[in-house]
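A.B. asks: So the protein sequences, as listed, match chains A and B.
Basically the numbering used here = 1-based index in the first sequence + 121.
Basically the numbering used here = 1-based index in the second sequence + 10.
Simulated from the structure, these hints should not be mistaken for laboratory data.
Treat each hint with caution, since some may be false.
Said to hold, decoys possible - Computed beta-carbon distance windows for the label pairs:
1) A:R535 - B:G193: 49 to 59 Å
2) A:G532 - B:D336: 21 to 31 Å
3) B:S246 - A:E649: 54 to 64 Å
4) A:G312 - B:K49: 32 to 42 Å
5) A:A818 - B:A293: 42 to 52 Å
6) A:G523 - B:A68: 47 to 57 Å
7) A:R534 - B:V45: 45 to 55 Å
8) B:K49 - A:K138: 24 to 34 Å
C-beta atoms are modelled at their ideal positions from N, C-alpha and C, and glycine is treated no differently.
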Amino acid sequence: MTGSVGAPAERREGREKVSGTARYAAEYHVPGRAQAWPVPAAVARGRVTGVDTAAALTVPGVLAVLTHENAPRLREPDDATLAVLQDPRVPHRGWFVALVVAETLEAARAGAAAVRVAYDAEGHDVALTASHPGLYVPEEANAGAPGLREQGDPDGAFDSAAARVDVVYRVPPLHNHPMEPHASTARWEDGRLTVHTSSQGTNAVRAALAGLFGLPEERIVVTAEHVGGGFGSKGTPRPDVVLAAMAARQTGRPVTVSLPRRYLPAVVGHRAPTLHRLRLGADEDGHLSSLTHEVGTHTSRIKEFVEHAAVPARVMYAAPHRRTVHRVAALDVPSPSWMRAPGEAPGMYALESAMDELATELDMDPIELRVRNEPDVEPDSGLPFSSRHLVECLREGARRFGWAGRDPRPGTRREGPLLRGTGVAAATYPVMVGPSTAAARALPDGTYLVRVNATDIGTGARTVLAQVGADALGVPLERVRIEIGSSELPSAPLAGGSSGTASWGWAVHEACARLARRLAEHTGPLPEQGVEARADTTGTADAESERARHAFGAHFAEVAVDTVSGEVRVGRLLGVYAAGRVLNARTGRSQFVGGMTMGLGMALTEGSTMDAAFGDFTESDLASYHVPVHADVGEIEAHWLDEDDPWLNPMGSKGIGEIGIVGTAAAIGNAVHHATGVRFRELPLTPDRVLTGMLGARA
Amino acid sequence: MKEFAYVRAGSVEEATSAYASHAGARYLGGGTNLVDLMKLGVETPAALIDVTRLPLDAVEELPDGGLRIGAMVRNSDLAAHPLVRDRYPALSQAVLAGASGQLRNAATTGGNLLQRTRCPYFQDLSKPCNKREPGSGCGARDGVHRDHAVLGHSAHCIATHPSDMAVALAALDGRVELYGPEGARRVAAADFHRLPGDRPEQDTEIRPGELVTGVVLPAASAGLPSAYRKARDRASYAFALASVAVVLRVADGVVGHAGLAFGALAHRPWRARRAEEALLGAAPTRAAFEHAVDLELSAARPLRDNAYKVPLARNLAVDVLSRLTDTALTRRAS
Chain A
122 MTGSVGAPAE
132 RREGREKVSG
142 TARYAAEYHV
152 PGRAQAWPVP
162 AAVARGRVTG
172 VDTAAALTVP
182 GVLAVLTHEN
192 APRLREPDDA
202 TLAVLQDPRV
212 PHRGWFVALV
222 VAETLEAARA
232 GAAAVRVAYD
242 AEGHDVALTA
252 SHPGLYVPEE
262 ANAGAPGLRE
272 QGDPDGAFDS
282 AAARVDVVYR
292 VPPLHNHPME
302 PHASTARWED
312 GRLTVHTSSQ
322 GTNAVRAALA
332 GLFGLPEERI
342 VVTAEHVGGG
352 FGSKGTPRPD
362 VVLAAMAARQ
372 TGRPVTVSLP
382 RRYLPAVVGH
392 RAPTLHRLRL
402 GADEDGHLSS
412 LTHEVGTHTS
422 RIKEFVEHAA
432 VPARVMYAAP
442 HRRTVHRVAA
452 LDVPSPSWMR
462 APGEAPGMYA
472 LESAMDELAT
482 ELDMDPIELR
492 VRNEPDVEPD
502 SGLPFSSRHL
512 VECLREGARR
522 FGWAGRDPRP
532 GTRREGPLLR
542 GTGVAAATYP
552 VMVGPSTAAA
562 RALPDGTYLV
572 RVNATDIGTG
582 ARTVLAQVGA
592 DALGVPLERV
602 RIEIGSSELP
612 SAPLAGGSSG
622 TASWGWAVHE
632 ACARLARRLA
642 EHTGPLPEQG
652 VEARADTTGT
662 ADAESERARH
672 AFGAHFAEVA
682 VDTVSGEVRV
692 GRLLGVYAAG
702 RVLNARTGRS
712 QFVGGMTMGL
722 GMALTEGSTM
732 DAAFGDFTES
742 DLASYHVPVH
752 ADVGEIEAHW
762 LDEDDPWLNP
772 MGSKGIGEIG
782 IVGTAAAIGN
792 AVHHATGVRF
802 RELPLTPDRV
812 LTGMLGARA
Chain B
11 MKEFAYVRAG
21 SVEEATSAYA
31 SHAGARYLGG
41 GTNLVDLMKL
51 GVETPAALID
61 VTRLPLDAVE
71 ELPDGGLRIG
81 AMVRNSDLAA
91 HPLVRDRYPA
101 LSQAVLAGAS
111 GQLRNAATTG
121 GNLLQRTRCP
131 YFQDLSKPCN
141 KREPGSGCGA
151 RDGVHRDHAV
161 LGHSAHCIAT
171 HPSDMAVALA
181 ALDGRVELYG
191 PEGARRVAAA
201 DFHRLPGDRP
211 EQDTEIRPGE
221 LVTGVVLPAA
231 SAGLPSAYRK
241 ARDRASYAFA
251 LASVAVVLRV
261 ADGVVGHAGL
271 AFGALAHRPW
281 RARRAEEALL
291 GAAPTRAAFE
301 HAVDLELSAA
311 RPLRDNAYKV
321 PLARNLAVDV
331 LSRLTDTALT
341 RRAS
């Protein structure tokens, strides 16, 4: 080891990004490129009975209008959201029913406005309720989690518990809204398809396109050199890439489809709303005897996606009697999908809020309550943990935050119109890792080239993988070049599930270590083409572990609630994480802080409203869907423990992309309760809710 | 694409005559709202008359101690102007409470007054909106309307006016200067925007072809304690859930002058005349403020999901009145 790993190395593409020269998917100005603009369905359920394209085709510059009647036929995809323009059905409002291709973006937009679509509209149902008759328990929720798990007699144990909390929490639909909207540029040449797309993983995009267009993968190249965020919504291909490839085939021109911001909520996935019921039963000392977490959520008519929000309750606390169950209703809504920490983010908001309620009920410090329920093994599976330092995170956080001596009484710290409070919540996120390949080559000029189809979605993956390679080779970081972001490179899984760095890094480490051994045996100068070694971690990276592997963390928040306006300001956020080895202190900190900021948004500002009459999300731009701005974020600190876990990967890392969001909303919500004495159980904590709640409590 | 003519006007007369000679023309200021609406297809002007080069970009002190603010003065310059900050703090605070730094650098005083509602149904061509398309209906009334009006709304429209600046101008007794085919005229800022009634498509009292040339702040309000307060979903770059601008003069232990206007409660900045009347001559106590504000807000008719606006507006107004009273008393004492 030369000590590159762990160092705060600067992002390799930083200069390109801040100087505007980094090229994104919509910025490939290939000769003859056309632009396209989709037409979203204006009904929430029904069939297209006719598309009148005559007016659109007379708009100067319009080249073609694709509809379900004339678009290239696709083979049936695994993911039904990719079967665009294949049939007249409208599964939800905003589903694309046509695509206008034109010489310019402006002409495409004008053409799209001129397309007349006739529908046979049917009655729709988009309203999720806890008693919706369509709710059912799925076999599996997202990530392969069982829909239902039950141990012992949770109802009986709850009924006989000394202390009980039976509460309902609600998280609204949320949108990923990465800075760069979903975009793809596609071109066909001699039966070969080249696509530049904004994706979290291009091997999956290539596989999907191969299936849809009936092409061998060798005839498709997909690149994603720079990606302006994804937060899960680019984890698998989205309609933009299919539309671009279809339009390019139809017109014989390279085509860019860059989805307008306003169309994203309907077609790129969202965090589904979740209705939570938590029942916690404990003895007088706070030991949980019963834990039930029931989650209700929605999915679309064409795809079953179940936000696995009851899953963290299978990991967090010891309780002999337990039930964790998901129920989902298929409604006439856009298809939900992954959004940063799917399952854990809403699930831990509800669970950690309920734990805070139990602490209040027991008149016990909330950190102490968590410590008392620390399990010896993973509660649901019975497996030992590979490492679990939740208690250490809570203790270290308490020390740094100044938790000791906190007055637990809610609603008592008044400064003029402000009520102040502090809150704590735990965080967890599973360790995921997938098989990957990589190649490493030593060149005669003394440099090394590492190649792996990783994707840097803003995380610093490019930089971190070079660090991993440099250490495995035992050479300085600046001697290692790295190529990522193309399906022409050794295949690799997506940047998702906080698994990217672990998966790619494992293969990079193996390839570089193998190359180092080969070089040690090599005598004389290197051949012109260099010396290469390859690695494939299939069978090792994806081998079933004998340990339950999760990252843990603790979040602390300090808030001020304005009793005049109901506005909540977070003066301070502090996170402490136990996530194995942090491979780059600079980009790692950025991941944690970014996650916490997104958690602050989930707590206070972000929320999407399903319009029952029209069947779509009301907030469709960044003026109305409120992601936090700088002024919302006060002091924010991320720390991590040195955690040595031999059950992970050669770098000893756990994923860090998602855990930052996981406990943040609960910590803020708990702080708001501590400040006001009012328990708010629906996010976000906007002034209308907070003021109404405080006035209601006073009355 | 939809083509449009573009004319860069060098003088006010040139601008108004260019407007007159182009059917379907719109004046273009900073473009922070109009250009967005063009992209959405809500506005489809046949011609844009660019008025940003007109010599209306100064803040001038008037002989009587008032100020004239040219219509092309950028929001950020207006907010930062020493005379504005000194004499009309509510205006500076209101402008700074709006939009974001980047938008304020581009947006003009005239354009700020003429910006359109951010009602999501108004912005979405696939939904009904009487303001955008008279007679098509109102999607918000039974739809998502947490942000909508509680005062002065009609069966046709429940939209609110989004400007922060206009609320302060209404409270400060500002006047809007207009120039059009029939010459120059002035309209009180508080009367410049209208209630929707059965013509929600008409936001203001402006006549066809008229151009906002400036805003005059009266000497009478200069130097009086004034403040603006806004409640919103996030700390910056969010429209008001409710806001209030207050101008208050306390003399001899009683309220000598009160100017009070609410934002985000109605289709226009809501000048609270009943509250002002109740305050005039009253001792500046919290109870008097609550009484006066309640009197005003008793006219509120909240919708299904926006009843919170009434206590929110009440709290904001009482808070600002109380703080200004403290300021006024402190100032007298010092």
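A.B. asks: Decide, hint by hint, whether the structure agrees.
C.D. replies: Okay, the hints, checked on the actual structure:
Against the hinted window of 49 to 59 Å, the Cβ-Cβ separation of R535 (chain A) and G193 (chain B) comes to about 57 Å, which satisfies the hint. A hinted range of 21 to 31 Å holds for the C-beta pair G532 (chain A) and D336 (chain B), which are about 26 Å apart. A hinted range of 54 to 64 Å for the beta carbons of S246 (chain B) and E649 (chain A) is consistent with their spacing of about 58 Å. Under the hint 32 to 42 Å, the C-beta atoms of G312 (chain A) and K49 (chain B), about 38 Å apart, fit the expected range.
Checked against the hint of 42 to 52 Å, the pair A818 (chain A) and A293 (chain B) fails, with Cβ atoms roughly 31 Å apart. The beta-carbon spacing between G523 (chain A) and A68 (chain B), approximately 52 Å, falls within the hinted interval of 47 to 57 Å. In this structure the hint that R534 (chain A) and V45 (chain B) lie 45 to 55 Å apart at CB holds, the actual value being about 47 Å. Between K49 (chain B) and K138 (chain A) the CB atoms are about 26 Å apart, so this pair conforms to the stated range of 24 to 34 Å.
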